[in-house]
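So the sequence lines, in the order shown, correspond to chains A and B. In this text, residue positions in the first sequence follow my numbering: the first is 26, and each later residue adds one. In this text, residue positions in the second sequence follow my numbering: the first is 5, and each later residue adds one.
It should be emphasised that the hints constitute simulated quantities derived from the structure, not laboratory data. The C-beta atom is built at its ideal place from N, Cα and C for all residues, glycine as well. A portion of the hints provided could be inaccurate.
As the list claims (entries may be wrong) - If you want the footprint, here are the derived chain B segments under chain A, 3+ residues with CB under 8 Å: (1) 28 to 36; (2) 40 to 46; (3) 103 to 111; (4) 129 to 136; (5) 161 to 167; (6) 177 to 189; (7) 396 to 402.
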Amino acid sequence: MAFTKLISTCVPLPIDNVDTDQIIPARFLKATSREGFGENLFRDWRYLPGDVPNPDFVLNQERYSGLVLVAGKNFGCGSSREHAAWALADHGFKVIVSSGFADIFYNNALNNGLLPVVVAAGVLGRLFVQIEKEPETEVVVDLPRQTMTVPALDLSVHFDINPYKKDCLINGLDDLDYIRSRAEAVSAYEAQLPAWR
Amino acid sequence: MEASHPKTLFDKIWDQHVVERREGYPDLLYIDRHFIHEVTSPQAFDGLRKRGIRVKAPHRTTATADHNVPTRDQHLPIKEKLSRLQVEALEKNCKEFGIDLYGLGHERQGIVHVIGPELGLTRPGMTIVCGDSHTSTHGAFGTIAFGIGTSQVEQVLATQCLLQYKPKTMRIEVNGRLGKGVVAKDVVLYIISQLSAAGGTGYFVEYAGSAIQSLSMEGRMTVCNMSIEMGARGGMIAPDETTFQYIKGRPLAPQGKNWDAALACWKSLPSDAGATYDKVLRFDADDIEPMITYGTNPGMGVGVSRKVPEDAPNMGPADMEKAFSYMGLKPGEPLLGKKVDYVFIGSCTNSRIEDLRMVADFVKGKKKAPDVNVWIVPGSKLVEAQAKAEGLDKIFEAAGFELRQPGCSACLAMNEDKVPPGKYCVSTSNRNFEGRQGPGSRTFLASPLTAAAAAVTGRIEDVRQLMN
Ligand code: SF4
């Protein structure tokens with residue numbers, strides 16, 4: 026699942042503190058595989074009682090589509106469930122843009138090839154206004170250069186990502202491959218542990 | 005330890021666990037203790053099977069079934085098919101990979117963050133992880149404990165290590181004496197209300213100060229438990245005599261020579277004088293009253309005698325409006341006297357023996373209000389047994405409270421313990437998110453005392469007015 030550069034329209038979710046219980050409610054966590062969680066992404070916002078699609082929710086509005094979710098600050102707070110990242114990826118999102126992410130979600134996203142892009146609150150605000158005005162607005166997310174560009178706004182911003190994780194994403198590697206390559210260091214560490222630990 | 009460079013509790017433990025530090029990479033951190041449960045582990049075991057890897061150190065992982073288990077008739081097969089399959093998958097995986105399981109029916113089964121400490125598996129100076137954000141609970145013992153995702157569960161099973169960037173550190177002091185009716189839960193709800201639900205993001209918190217030190221281990225666990233609710237990676241409290249006394253003699257605690265060696269190390273852990281933090285906050289115990297949340301994130305909390313506020317730190321008007329409409333509340337409205345339908349006393353925040361004693365003490369000789377459903381869900385089989393040995397079950401029964409069997413229950417409503425749409429629940433759990441206790445449920449987070457008071461009158465009460 027290597028990631029380099031992506032051009033896409035956006036889906037706006039201008040809500041702060043979106044928690045992982047909203048992204049995927051607990052009652053849908055009973056599966057023992059990683060697949061299929063996209064179906065219940067944002068379940069309780071997306072459907073009204075009786076499983077009727079809620080016309081007010083953005084995923085049910087035809088005018089918005091794309092691989093980029095743009096969300097309010099502190100996105101992904103709450104439970105550590107990686108199912109939240111799986112559900113977003115399964116739905117087809119590749120990038121989440123926000124002015125801040127909760128720590129565990131941020132890591133879970135990266136571990137699933139989903140790129141979290143942190144931008145300044147002002148940039149996020151402008152992006153929301155622009156997408157709502159012109160849903161066909163495209164953003165260009167360039168991971169090697171660490172930039173997000175919005176041609177319609179004549180705006181290009183830099184985003185941070187740690188170099189190790191960036192490398193993993195670009196090359197489709199994961200932490201486990203790397204940690205296993207350090208087995209010798211781990212054995213040496215274990216050899217000096219006291220019995221009570 | 006070199007005296008020249010004062011270190012924090014956090015730095016000491018972190019540095020003792022760095023297996024390898026390489027330029028351009030996160031630290032490779034050794035994990036002493038790993039807890040797993042049925043919901044966030046199956047995909048990790050599948051991953052191991054796919055890669056053909058064994059579990060590196062099975063004795064460092066301990067499993068329990070808690071999130072998805074029924075809290076009634078636990079001796080019968082689980083009725084709900086998917087839940088049953090998930091619990092069975094855990095049993096099968098533990099057997100295949102040689103991991104100790106305190107599963108359904110085991111006399112030590114319980115909520116993962118209740119059983120770890122109670123068995124003596126949680127000890128100062130450790131690194132502890134679990135595929136659950138409330139792993140921060142274990143920080144009460146002076147550990148670096150944090151929640152991880154399932155990919156990381158797989159990494160720990162396979163390698164006993166994680167790649168981690170060192171977070172920033174924050175010291176939160178609470179000094180002074182807690183007033184009547186004010187307990188550990190109020191302290192942490194107060195702190196979160198001051199910091200907001202994101203105020204701790206990127207930090208690891210050390211709680212300190214006389215009000216924290218005076219707490220029992222149960223109280224300390226309640227405080228550390230909710231660190232994640234302010235966005236912090238985890239929270240911790242320096243180990244002291246209270247900690248050592250709690251651990252000593254626990255079923256799986258070190259003994260004899262091992263105990264002495266461990267103790268000597270544990271005593272060296274507290275932060276050195278002059279150690280520095282990235283941020284320091286100080287609060288006064290006098291400013292804390294019994295707390296309650298009124299919104300849909302844990303940062304939206306106030307003293308119970310206050311009115312629903314118009315704004316909250318770090319919240320925009322649209323978000324306040326969304327929360328009010330979900331909760332059916334208006335700014336300026338008093339919280340006292342608000343009618344409630346359910347009371348839930350349980351969860352890894354408040355389901356330990358001390359919590360149950362606190363509730364029993366308050367309700368002894370009282371009865372619940374007729375139109376309120378009251379569930380008490382002990383954190384573990386051992387807590388349940390202890391409560392019965394002390395006769396607390398009789399007090400609850402006489403009060404009309406329903407004492408259930410251990411599990412996460414209505415904290416996340418993954419099993420059938422759900423609060424119906426639109427109904428109000430005073431809950432001792434840790435999250436008041438939309439739908440957390442069941443679709444459409446409305447949660448008021450509070451202490452076991454405030455919950456017990458609501459059970460008795462059927463309304464939100466200032467418990468101080470009802471205490472002798
Ligand atoms: S009681 Fe609630 S918060 Fe605690 S582990 Fe269970 S679901 Fe998570």
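Of all the hints numbered above, which does this structure not satisfy? Sort the numbers upward. Going through the list in order, the structure violates hints 3, 6, 7 and respects the others.
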